Amino acid sequence: MPNLEHSAYPAATLLRLESLVPCRESQVSMLLSIFGERQQFSFPSIFIYGHTSSGKTYVMQTLLNTLQLPHVFVNCVEHFTSRLLLEEILIQLQNRSSETKQAAHVPCDTFNDFVRLFKQAVVSQDLQDQTIYVVLDRAEQLREMEANILPAFLRLQELTDRNVTVVLLSEIVWELFRPNTGCFEPFTLYFPDYSIGHLQKILCQNHPPEYSADFYAAYINILLGVFYMVCRDLKELQHLAALNFSKYCEPVVRGEANERDTRKLWKNIEPHLKKAMQTVYLREISSSQWERLQRDEGEAGQLKGLSAHAHVELPYYSKFLLIAAYLASYNPVRTDKRFFLKHHGKIKKTNFMKKHEKTSNHLLGPKPFPLDRLLAILYSIVDNRVAPTANIFSQITSLVTLQLLSMVGNNDQLDGPRYKCTVSLDFIRAIARTVNFDIIKYLYDFL
Amino acid sequence: MSVGSVSKGCFVFKPSPKKRKVSQKTADYFREGNSDSEDSELRFATCQSLWKHVKLETEQIEEDLNTQLFDNLVSFLRRSHSEFQEKTAEWNCRMKSREIPTAALVLGVNVTDHDLTFRSLSEVLQNRVTPYVALLQAKDCPGIKNLMQKLLGQLMNCYVDVDSSEEDDYVQTSQNRIRCSMTSLITWYESVTKKTDFETPSKKRTSSRHWQSPPVVVIFKDMESFTTKVLQDFIVISSQHIRELPLVLIFGIATSPMIIHSLLPHSVSSLLCIELFQSLSCKEHLSTIIDKVLLTTQFPLKLSEKVLQVLINIFLYHDFSVQNFIKGFQLCIVEHFYTQPLSVLCCHQGELKKRINSLSHNQCENIRRLPSFRRYVENQPSEKQIALLTTDSFLKETVQRLLEDLNVYHENYFPVLRCLHVFTSSLPKYPLGKQIRELHCACLENRVWETEEYESFLQLARMLNKCDLVTMLQKCVEILMSSPGKEFDKTVEKLKEFLTQFQKLEAEACQERDESVSSQKELQKKTDLYHLQKTLLELKESRRSKKLTKFEMLRFEVVDYIDSVVRNYLVPADHKTLHEIVYFNTASVLREHLNAAPRVALHTALNNPYSYLKSQALRSDGGSISNKAPDICIVYKLHLECGRLINLVDWLEAFSTVVTAVEGPNADAPSSDQVDDVIHARFIRAVSELELLGFIKPSKQKTDHVARLTWGGC
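Chains R and C, in that order, are what the protein sequence lines are. Heads up, the first sequence is in UniProt numbering, so the first residue is 1 and it goes up one at a time. Heads up, the second sequence is in UniProt numbering, so the first residue is 1 and it goes up one at a time.
Please keep in mind that the hints were generated in silico from the structure rather than gathered at the bench. Any given hint might turn out to be false.
To be verified - No farther apart than 27 Å at their CA atoms in a straight line, the calculated lysine-lysine pairs in the DSSO-like style are these: (1) R/Lys367 - C/Lys229; (2) C/Lys139 - R/Lys319; (3) R/Lys420 - C/Lys700; (4) C/Lys700 - R/Lys367; (5) C/Lys697 - R/Lys367; (6) C/Lys194 - R/Lys319.
Claimed, not checked - Label-pair distances were calculated between CB atoms; the ranges are: (7) R/Val106 - C/His266: 16 to 26 Å; (8) R/Ser7 - C/Pro142: 48 to 58 Å; (9) R/Arg155 - C/Ser267: 28 to 38 Å.
What you are looking at is a predicted structure, and each value in this text was computed from that prediction instead of being measured. Cβ coordinates follow ideal geometry from the N, Cα and C atoms, glycine included.
One chain only, chain C, in its complex shape:
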């Protein structure tokens, strides 16, 4: 909302009555500022529904991946206090000091993903163990006082959520005057647990999933960022009341559990009973996401090799964040549907026909303009070419056929890719990459069978032993059987045939072994040195020229067959007609948005203002400084030539020279040594703007000098 005031202040905005309109806005943005506004509404709707599906799918995957961890945690929580509740009378329990049960939850350095994990964790806990879960963040707890405040606030609020609204006023009053101490927490806990005891039977049913006196779980989201003192104080305090308040701590750890020992001294860590829990590594998480979302035919939109590479590189090089990867994928979806007018055809098979039929003439022209389509047309006989270029209805028929082909291609591509991965991933040194995503990128990039790595793969595959080869073939059969593609019947049959042949070989192998044993025996008979040498040489000779064994023959056959399958099905997508419709391939846009380089952008803006302002006057040639550029640009360029310390007077003089350079001929005489006041003011303003941007700062080392904060041109 805009305010008609320049000054800072507090402004009251009444909530607008037309809230509905706001949600409409996104769709409008989608249409606006886009020259190709064909079918924009439909595109928007498709985009939204696609994203919704992807989101659901990824969340489901996440949940599945975390189940194991959460189950372990829940059983730990159940165990933690039950022991003491059962047998408090026993000698052993009396003598042991009551430690606070603590789960050290190692989650990895991808801190941005943790939020989601913790949210689902607290949900799980609330559903299965206890309603009393508090999530604490280091930035909210600079002191023990703030920590207690946050803790009490969260716990007592959750109490309101659980019960009906009749207690509202009680909580309201107590919250204002609540004393942030452990005692008030304990009295609260006692009152809450007592209340559940006297509850009506109907209510008891709901609370039965938690047991009597459920533990209070306190989750420290980012253990590393908490100050030592706050943690120590909190642990010391709560350990004194552990008998009255069944507390359980969960430490969210990003680095390694060693941090506990470095944050807490022994006297404090001896109050804890720490158990370690480790979440799945984020790399595995990403692999699962890629496997389940990108390497399926489930979603019509596909990513080209470059785009996928950008996303994966950001993940591996910068943040390890799966959430960011998914966000990147979302950006791809939006960008594709926004910029590509034909993306309206990027939908599921069922709707395709209807959408093709309703294409406008403009859209048909768009199709004709696609490079891959033009290539296709050129390869057609001439009468067909004319028909394609002039008749919309014929074009539509062809497009439908082509898109169906493309779909079939995908249906075949992914199973074959997985089969190939079964082979490559078990070879030494992983010639085509260890992960399936690397193989996928290699296949998308260009014809994989033309690469050197593929050659070495084939060579290595020809040296596989039988046992491995058989298991691989079996795996391939499984993959192909479970795939929806219809063309694999023959392939599966062929592979099965290979398998039976291998089994036959086994029987024959026994015989062969007997033969070799007999030759061995012959060797042992020869005691004479000369004869021995002779027979050995003969043996060697025969081995070299020996015909390939049956197994070797079969192995060659298998590898050749695999090769032919690969050549058949793993054609790069950009060789396919109409791939532009389903593949998003503008990697540069993605890189610009996700891996921004602010320093570079700033440098370009100041060094070459034309790139942003697009004014013809600014078009610079070479390194000269134009006086038409904004003042800050001139000042910036001048400062690039200076060392670490810049003399302000020299700088001003240079500035005024540049500014007056062209105006000079008109009026040069009056101000030769005296700098014009206006120029002086402009200079001061430009310099302070540079200071604001962080390029220079005032220096105390020398008077009238400022220090540069950057070196070189970035």
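In isolation and in its complexed conformation, chain R is listed as follows:
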């Protein structure tokens, strides 16, 4: 395990830093060596990438804060336009010395302005002889801003002629960033995923004060055994650990087992965690509801998850419109005659099946269909006569806003709108059952 060493910083600070960033020592020492000493020019831009919650943001923040390096930390999702982003950087830079009151807000519309104002800010904050770090979190958002923003940030050092380093943090690789006009290549650094051992170590660090570290470590071990297969997100795991710990402690609190009785504790917690995986983890029921359930010893069966409420009540004709749309989406046009004409004669499936239609239409997904076809099918599947009233047409639009149908292509009403049915087979079968319509009989795939 490499100990952090750097001549520019006191050893005590480095030791503290090391304790704060477990399992990321090699990356931190790499960064430290790139940064160099305070006054030294560093690499103009650094690109750090790695999977969700691999500690990118956390490591950068602790590093800059512990070493008290002048820095600006901006989230690109939060500042969604280039103007907001640039202004935020300037504001943070100006407010570094906290005693100065919020400086008059200066509008900054272009990168040119930004460079000018940036230089002013550096002078006013008296930072000429130190490297300033501009960290852009969630940098993938930069690609959606004006084309000049990303290349300009990459060579900010050159443009401003100041000692500044831009650090980009992202979850995707650099190759997806590179603009086709070319740009300055940043130094890329990869943060690998935490291994199970790493996770164990990090999670154990924050054990509750009432219990011993060993006891908590055993709990984390069980937790990881259940959840590691589905979730490697450190934040999520920590959340789950906190949620279920009280249940784990229950036998100890009641005095039925002592802290070392691992087997008993495991028996108690394991089914509980499995249930948690199907409910809380998927956000089927919320964590506060989960906690209340634990407290009240209620059965989780009483509380239905979000997916349990899949039933949608629709007006009578909306149901038939949806059924008609489903049929139009999943049946080939040629087969309409066979399904909806009274005297279609005997057409066997094999006779009129084309080669490419051998694959199930349900595997291929819904196909778009024109409005006329939808209405024609509707008129033939509803028993009584349906008048083409304005209400019918507005119901189609409501189905689109409810996202049960989706409009395909352009919105030109004159051009004959085309739709797709987006509901699942289970859903449409449930709907069809309520109006006594045997939809399977009308689907080409199930012939």
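Position chain C against the provided structure of chain R, taking the given hints into account.
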């Protein structure tokens, strides 16, 4: 307002000084264009006051129905952030990630009703939880930027509303240059909450109904319509600031809560702490409205069976919207008072006498013309007939008596209807409908006891077991006791008598059971097969010919009595004299207005212009095309005969043939193969009009062809 200009442009209108006159207008409309302008002002006033009452009543019902839901939501909001405020130091809370409390509010597909629900919800929240409520709509938020703008605008405006006007200029200045970011929202929130801390004690009292640092509630009215990206971005951003800004989200969901999972990926939905809330289903809502508004004597206006059926059908078949149902009812009210001059008598009992006495001679004639009244007159002795037809004062007396009768009929009708519903709703297969509205329609339609369903109801009722029968009877007694009708004393007594008889039976039943047990014992004694068979046959025989038990007798009696009550009180309304005055029954008007068929109307207009233009020359006979019809009609009729693609040249030729057909004899020689320029121009104009109406569109598949966009004659 009309402008004397053909061109499009911006016109300035100074607000007219006589604003009062505008409100007068509606009353004038009511009078104008109506041949029977008798008492129109009074009718208008009655109509207005009736509608006002109905509106108040329905709003009250709505509020009552929503209380439960809103209470749950309020307690959720109270809970959501308090936990963190109380014990931030605890290990558990430090380790848990701070999720955004989110209420998924499932409201059903009747989107038109949601507006009202949300409005009252935000009112409730502002009164009880927090002044900071923002309502967002998908159509205002195509991007995250617009969303933030709307959010900031709404929140900061509400701040102005809460406080006095001294801060006006501060907000004014900041609003212009506000940066639409979360940081500015947080600074605003901090400044607002800090201000309440330093407030004068007098002001503190008002703010005490909200607690310290009240949550900021953001309501997404129509979750389904929001784009995924906007929602995701917003949730990600706000989750980063949840510690500084106690935010609570409310998702208004029309379909099912599954939509959350389909809109948001796990990485985003894991930032939320979602709890589910479900509003009352709109069907139940409608039942309550019908029960409380239509099935009472509270409002003098009643709906006939057909009208009610139209309204209910629109609800069930098309939109599930309770608001639209109420709007439909409003239309009925207006239409009834507008078209029926005698509706002036459709008022509460107290005013009736005065209004009858002030009826003019014309109105008396109107009464004499009513079909139900004529039927009534015909059944009277001849001297009375003459008096009724000639003497206004006698007529007025009779009318007053008849209307009072009608009122009594209603007072009796509804309680008895409810009693009958108690029976029918618990029988298997619901012979007369599960809902009371279906029963009501059946009773209004014709004599309910003549229908087959009623027969099967009686048969099923004769098979009820005792326990059910007793509870039903008890319910009926309750209903009848609580009704204002005066004639029910005897009925109630009779029902109570039945109940006591049932109780007596219970005692006797014990004895009977003993008897049957003894016969069972006898059976067990017989071991010989032959004897056993014999006794079994005997038993069967005796059971078949057995006299009815006392319970069965009593049951028959009860059912017969119920039947007699029904026959007595549930007479259809249109058998009653003067029912036209209080019943609105022109269903066709209602259907035309509420369930319009634009395609059909367009087709009729183009295919048979006479139906709208009413010019004798256009009176067509059969399918021939008259050249006197407007050009577009001719073009339309010709295009109906074509396939999907229409050749323009052929079409033009056909058009010119039709147009010149009759004029032909005068001047046929000069233009035989050359089409006249004027005709050509008329044709082009007609075709482009058809294109504008959406019947055809230019096609690229074939040159000189246009494509039809409709099939058949609708």
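So, going through the hints one by one against the coordinates:
1. R/Lys367 - C/Lys229: 25 Å, holds
2. C/Lys139 - R/Lys319: Measuring from Cα to Cα gives roughly 26 Å; hence the hint holds.
3. R/Lys420 - C/Lys700: 25 Å, holds
4. C/Lys700 - R/Lys367: 24 Å, holds
5. C/Lys697 - R/Lys367: Measuring from Cα to Cα gives roughly 24 Å; hence the hint holds.
6. C/Lys194 - R/Lys319: 53 Å, violated
7. R/Val106 - C/His266: 16 to 26 Å: Given about 41 Å between the Cβ atoms, the range is violated.
8. R/Ser7 - C/Pro142: 48 to 58 Å: Holds, since serine 7 of chain R and proline 142 of chain C (Cβ atoms, about 54 Å apart) stay within the stated range.
9. R/Arg155 - C/Ser267: 28 to 38 Å: For arginine 155 of chain R and serine 267 of chain C the Cβ distance comes to about 32 Å; the hint holds.
Going down the numbered hints, you'll see the structure goes against 6, 7, while the others check out.
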